[in-house]
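Taken in order, these protein sequences are the chains called A and B.
So the first sequence is numbered by our numbering: it starts at 8 and just counts up by one.
So the second sequence is numbered by our numbering: it starts at 8 and just counts up by one.
Errors might be hidden in some of the hints.
No distinction is drawn between identical chains; accordingly, a pair holds when it is met within one copy or between any pair of copies.
Here are the computed lysine-lysine pairs in the DSS-like style, where the Cα-Cα straight-line distance is at most 30 Å [what the hints assert, rightly or not]:
1) K161 to K70
2) K98 to K14
3) K161 to K131
4) K161 to K37
Source of the hints: derived by calculation from the structure; they are not laboratory data.
There are 2 protein chains.
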Amino acid sequence: MTHLRPKARLFVEAPLAGGAAVDLSPSQAKYLGAVMRLGPGDAVSLFNGRDGEWLARVAKIAKGQGRLVAERMTRPQSPEPDLWLAFAPVKKTGTDFIVQKATELGASRLLPVFTRHTASERVKTERLAANALEAAEQCERLSLPEVAEPVSLKNLLDSWPGARLLIVADERGGDRPVAEALRTLAEGGGWRQRAFGILTGPEGGFAPGELDLLAGRPFVVRVTLGPRILRAETAALSLLACWQAVLGDWGAAPLPRP
Amino acid sequence: MTHLRPKARLFVEAPLAGGAAVDLSPSQAKYLGAVMRLGPGDAVSLFNGRDGEWLARVAKIAKGQGRLVAERMTRPQSPEPDLWLAFAPVKKTGTDFIVQKATELGASRLLPVFTRHTASERVKTERLAANALEAAEQCERLSLPEVAEPVSLKNLLDSWPGARLLIVADERGGDRPVAEALRTLAEGGGWRQRAFGILTGPEGGFAPGELDLLAGRPFVVRVTLGPRILRAETAALSLLACWQAVLGDWGAAPLPRP
């Protein structure tokens with residue numbers, strides 16, 4: 008019964024309830040046993056995106072397998088902001104970075120989007136999901152973001168739910184400063200609604216035809232992020248942070264959630 | 008006279024004026040000649056932090072040396088936000104990342120701060136300065152941030168200018184949500200002033216004694232960045248972005264600058 012405070016935090020698929028047994032995947036067992044050196048009785052924190060966060064204890068652990076038993080709930084599941092991030096993938100480490108940071112910053116769904124100037128041709132969604140999972144375990148989030156299959160910008164817009172506002176970072180001069188646009192939304196001026204998305208472009212920005220595509224959609228609001236040219240990942244993070252600060256769960260009085 | 012639009016952008020120390028000759032450093036000459044393959048007559052964009060941005064032409068370039076001649080000003084020097092970023096260095100790539108992103112996000116001065124939980128013992132300010140320079144060249148900024156020598160948190164606070172507000176990201180529950188705190192400042196409620204600083208802690212946060220140190224300073228405002236635990240670099244970026252959006256040059260009506 009050492010380590011009263013959990014030294015590890017894991018996402019699991021299994022239901023969590025008092026006394027529930029949770030079998031570990033081989034990689035989780037290896038991580039807890041060989042890397043964290045936990046043994047029977049040691050505490051681990053678990054979440055599954057549905058049942059809150061639980062304190063569990065190691066029941067048994069051996070080569071490549073292990074079992075935990077959930078003991079008590081430490082945090083109840085609570086509603087989280089409904090914020091999608093659609094982003095043009097950048098070179099591999101940039102995309103990893105966007106996914107990790109977007110998870111910390113509370114994005115609920117990650118949608119890779121191919122645009123005219125998108126550098127990378129392929130996106131491995133398994134890699135994105137693995138990065139998101141690791142970030143969620145570390146940042147004490149109670150859920151994982153969903154990872155969508157990559158689509159073209161046109162397909163993204165054609166299938167975009169009309170009731171979900173899409174805030175687009177337009178580095179060559181969007182319509183409005185980001186703080187002003189977000190504050191207007193928070194004050195209910197016209198577009199008050201619960202579901203949001205953010206779209207950030209590739210290095211080099213959107214192509215002219217793409218800007219036309221965006222301009223034609225009633226759910227799009229283009230915003231500016233100042234006079235310097237931000238890297239794609241910096242723009243994504245900045246917009247997520249500003250959104251969380253004004254409309255999301257960083258605020259004192261966030262919008263009501265479903 | 009090919010490449011009418013500059014393919015390269017460089018920071019130089021030399022004064023910039025019509026007809027001014029600018030001698031390149033060996034590494035700049037190598038970059039323009041061997042990497043970018045520029046030759047006589049090709050255009051390069053230059054800035055020095057004082058004289059605006061200039062279109063220059065290659066006059067001569069050879070192994071390890073070269074000369075440009077400034078032709079015409081393309082952007083005047085303009086006032087920039089006075090925002091310092093004091094940050095606890097994290098592992099090497101994390102620190103590189105903070106410096107690069109803080110430069111894009113317009114920090115005017117970078118101050119590495121050693122705290123109780125700071126992982127790295129050493130900071131190479133030359134490395135920080137080189138990262139800042141590269142980021143400034145890429146993001147079309149007209150200045151370089153200053154890079155200060157590392158100090159302890161106590162020394163930072165003891166030498167902090169009393170008229171400069173220090174906004175501290177406190178991940179275990181600061182006084183106020185960040186957007187509310189920034190908006191109050193923007194509206195002139197009490198602390199309206201022109202000079203600001205941001206302080207972000209190490210992984211693991213500030214130690215209790217350090218929080219006491221911070222609480223005793225009248226220029227400190229502690230803010231929260233939501234319910235998830237952000238990595239040190241994510242907190243720094245998020246706070247910089249929110250500051251720029253509300254009080255800095257991302258806004259429609261920024262504070263007047265000196």
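Now for the hints, and whether the structure bears them out:
For the homomeric pair K161 and K70, neither the shortest alpha-carbon distance inside one copy (48 Å) nor that between copies (48 Å) is at most 30 Å. In this assembly of identical chains, the alpha carbons of K98 and K14 lie at most 30 Å apart only when taken from different copies (21 Å versus 33 Å within one copy). Proximity of K161 to K131 under the C-alpha cut-off of 30 Å is restricted to the intra-copy arrangement: shortest distance 20 Å within a copy versus 46 Å between copies. With identical chains, the CA atoms of K161 and K37 are never at most 30 Å apart, being 43 Å at best within one copy and 42 Å at best between copies.
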